[in-house]
Amino acid sequence: MRRTGKACFLALLALLLVPAVMPAGTLEAEVTASINAEKIGLDDNLVFTLTFRNIENPSQPDLSRWDDFKTLQTSRSSEFQFSNGASTSSTSFIYYLQPTRTGRLTLPPVVYSHQGREYRTQAFTVEVVKGSLNSSHSPQAAQPSFFDDDFFASPRQSRQPQKVDAYLRAVLSKKTCFKGEQLLFRILLYTRNRIEAVNMVSSASFAGFWQEWFPVPQSITPGTENVNGAIYQVYEVRKAALFAGESGTLAIPPLQFDLELADPQSPFFGSRSIRRSTQEIKVTVNEPPKGGAGLPVGHFTFALVSPQAKADVNEIVTLRMRISGNGNSKAIIPPALQSDEQILVYPAKITQENAYQTTALSGTLRAEIPVSFKKTGKIFLPPLEFRYFDPERGGPVSLHSSPLQIQVSGQKTEAGISQTLPRSAILQKGEDIDFIKNSPLRDQSRLLYRQAWYAAVILALFAFNLLALLKTALWDRHIAASPLLENRRILARALKRLARVQHGADIAPLLETYFQEKSGLGLAEITDQRIAEIFRQRHVPVPAAEKFLTLKSQSELARFSPHKRSSLELKGDLETLRSVLKEIDKKMK
Amino acid sequence: MKAKKTIFLCTWLALLAAGATAGVQEDFTAANRLYEQGKFAAALPLYLNISKQVVEWKVLYNIGNCHYKLEHFLAAKIYYLKARKFQPLDGSITRNIAMTNRHFRDEVALPEPDFITRSIQVLESRLSLDSVSILLLASILLLNVCLFLLLTRGKNKKVLYAAVLFFSLTLALGAYQVSRVHDLGRSDSAVVRQADSLLRSGPGEDNTVLFKVNPGLEVKIIDRFRDWVQVAASTQIAGWIEKNRLALI
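Chains as they are written, first to last, in numbering that gives the first Met the number 0: chain A, 0 to 588; chain B, 0 to 248.
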């Protein structure tokens, strides 16, 4: 009993400890939605908040297809949570929605796909009435309030004050740059307090810049810095690559963050929220010199390769172009390969991807260019030129691909008449159901077992079985062997034999056989005296008994008598004997 | 003379039956031609008319195809499932059901049949009900021959053993045929045909709602109680639903 209790305690302890030691990497991704009110006026706005937890850099879902609500404004905020050494991140998209009609309106679930898994939020029903309701339902009321930094203003006056020492600093990699040059913008949190969460509340959009925010990391490793003799922990809370789109002096506005400070004495779940802001940064953007205008800005590499050195005249060869480097890859226009009398160039498939490095955003552009050859022999593809503006050198840079040489063989066919597509070019456009069946019909309801003749044959065979069973089990064993039937059979046999008698001498053996079967005596025992005695015992009427014996005697004598009885006389005797036998049989049962 | 009359009558009946089937076959060919021309709406009533005259999985399958092309996906699925009842192993039916399922919201699927069920399906696809009927008839006939020999020629060990064998075979085949015939007339699956259908914990409105299911979901019938049917959509989703919300297969 004690052992069981101990085991239960250990199991409970293990259950409590498992979540505590679970690493950050195992945290589940989650998408949730919430609304600020279930009843609003037609003139009010509804705040719909969509929160993505543990999903890196989620894309903003488009809600413009909702019929009953119009999206007025959206904003995005990100948040870190530090808990037990692990950190979680969340990104929220806040939609300010205006209803388009009154009634009970439904906000359908938002479906978001991440890493092959589909996340679905709950649906909401909002009652919309005419006019406007209480101002407490307005989106303004749902905005976060501006917390005071002063902990002394807390209702619990007896508590010891805690000094808040946390501030934000925006850092830009360069204060002067060229138009289109990449700038690394970082927001650093300096703190001597324990921070549980960081939430950016400002809009992350700067006028004059094309920006690419780095994904919010799952965890941040802090560094330390000595500021005026005090050691601060420094967290890089957000990072973005900025590309100036216009020249002149551009300003990066202050960004506001809500910081959740761990404060065990706070009545608000052990934490207190404070708001901090970054400083404004001004940056001078210069136009590139004349030769570099309109070119991508950064530092790039360029290559064009062919996967094969030999090809058939009908074959399509896919050339692969790659441009990568630190810079805005979305501004790159790949150099084009032109068709001529030797090659036919098809439209290229272009893909772009960004890689978030520690110090910069790097991009790679890949182009797959299908080409076919019009001539046989050695075909030379001239080198392609890619130009960009290098801000470090302050001038344009020209890169050339290596010249390509391809040996083309095979029969020459006219271009445009015969073109064989490679297997990769055959795309499945769609699927359809299998075609109809058109083989001859066979009525599956006209089954054999439903046919009358089948049932009749089965019944007949069963009837035969039943009769055979009755005959062997009932008739032969019980009925046929009964004395009543045996007596009847003896009489029937005797009468049958009588019908076949042709001569008077045949009557005596017939009568002896009958009497033997009836009395059970042996043939030697049967004499006239014995017969008369048994008839007497069985109360056979005397005339019948006498007639029986007379006819028997006459038959015995007829064997030796020269005088034969006429057929008429024999017939009369047989008639008499038939009636005598029936009369005797009644008494001889 | 009597024999001649009987032969004449049988021939006449056979010709009549063949003529009736030939008419249906002509309609079937005409409907197929319309389908091939893309006139699905015109082919559909023809197929439906044929299905009233003959029971044939190919007709049901083609009706399903017409409904699919006319974007009546629920009706298409119902007819495909009806066709599958006759031809459970046909690949086209399975593929078309999979295609049709893409148009429904619920992606719950009934569990794949186990090895024994699959083996029985293979056996049933190979051994038609008519074949079972013929085997049963032959078995009974041979049993009778054995009994006749036993009755007329007296006891013989070999004949006795043969009689026991055929008697067992008759019993087994008879039971199998009864089971097949029973299955033929029984609805063991259904498709949800009404929106906002609820699966409850018991038969009756006062029972707890367990799941909400959408039209097109295929369910297996487990039990019936008055106007309620207990169904299972998977190993985890089961409950009671009103019969009128289902299309029985």
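Rather than coming from a laboratory, the hints here were simulated on the basis of the structure. Heads up, the beta-carbon is just placed ideally off N, CA and C, and yes, glycines get one too. Warning: the hint list may mix true and false statements.
[Said to hold, decoys possible] Heads up, simulated PhoX-like pairs for lysine-lysine below, C-alpha to C-alpha not over 25 angstroms straight-line:
| # | chain 1 | residue 1 | chain 2 | residue 2 |
| --- | --- | --- | --- | --- |
| 1 | B | K68 | B | K38 |
| 2 | B | K156 | A | K470 |
| 3 | B | K38 | A | K470 |
| 4 | A | K329 | A | K178 |
[What the hints assert, rightly or not] Per label pair, the in silico range of CB-to-CB distance:
| # | chain 1 | residue 1 | chain 2 | residue 2 | range |
| --- | --- | --- | --- | --- | --- |
| 5 | A | D42 | B | V208 | 35 to 41 angstroms |
| 6 | B | D187 | A | Q114 | 52 to 58 angstroms |
| 7 | A | A480 | B | L88 | 55 to 61 angstroms |
| 8 | B | G153 | A | A498 | 28 to 34 angstroms |
| 9 | A | S33 | B | N48 | 53 to 59 angstroms |
| 10 | A | N353 | B | S200 | 51 to 57 angstroms |
| 11 | B | E111 | A | N353 | 53 to 59 angstroms |
We went through each hint and held it up to the structure:
Taken as a hint, the B:K68 and B:K38 pair is honoured in the structure, with Cα atoms around 10 angstroms apart against an allowance of 25 angstroms. Of the supplied pair hints, the one linking B:K156 and A:K470 holds, its CA atoms being roughly 20 angstroms apart against a limit of 25 angstroms. Between B:K38 and A:K470, the direct Cα distance comes to roughly 68 angstroms. Violation of the 25 angstroms bound is thereby established for this hinted pair. Straight-line distance between C-alpha atoms of A:K329 and A:K178 comes to about 15 angstroms, which keeps the hinted pair within the 25 angstroms bound.
Taken as a hint, the range 35 to 41 angstroms holds for the pair A:D42 and B:V208, whose Cβ atoms sit roughly 37 angstroms apart. Between B:D187 and A:Q114 the CB atoms are about 39 angstroms apart, so this pair departs from the stated range of 52 to 58 angstroms. In this structure the hint that A:A480 and B:L88 lie 55 to 61 angstroms apart at CB holds, the actual value being about 59 angstroms. Distance hint for B:G153 and A:A498: a CB-CB separation of about 32 angstroms, consistent with the stated range 28 to 34 angstroms.
At roughly 57 angstroms, the beta-carbon separation of A:S33 and B:N48 lies within the given 53 to 59 angstroms, and the hint holds. A hinted range of 51 to 57 angstroms for the beta carbons of A:N353 and B:S200 is consistent with their spacing of about 52 angstroms. In this structure the hint that B:E111 and A:N353 lie 53 to 59 angstroms apart at CB is violated, the actual value being about 44 angstroms.
Checked against the numbered hints above, the structure violates hints 3, 6, 11; every other hint is satisfied.
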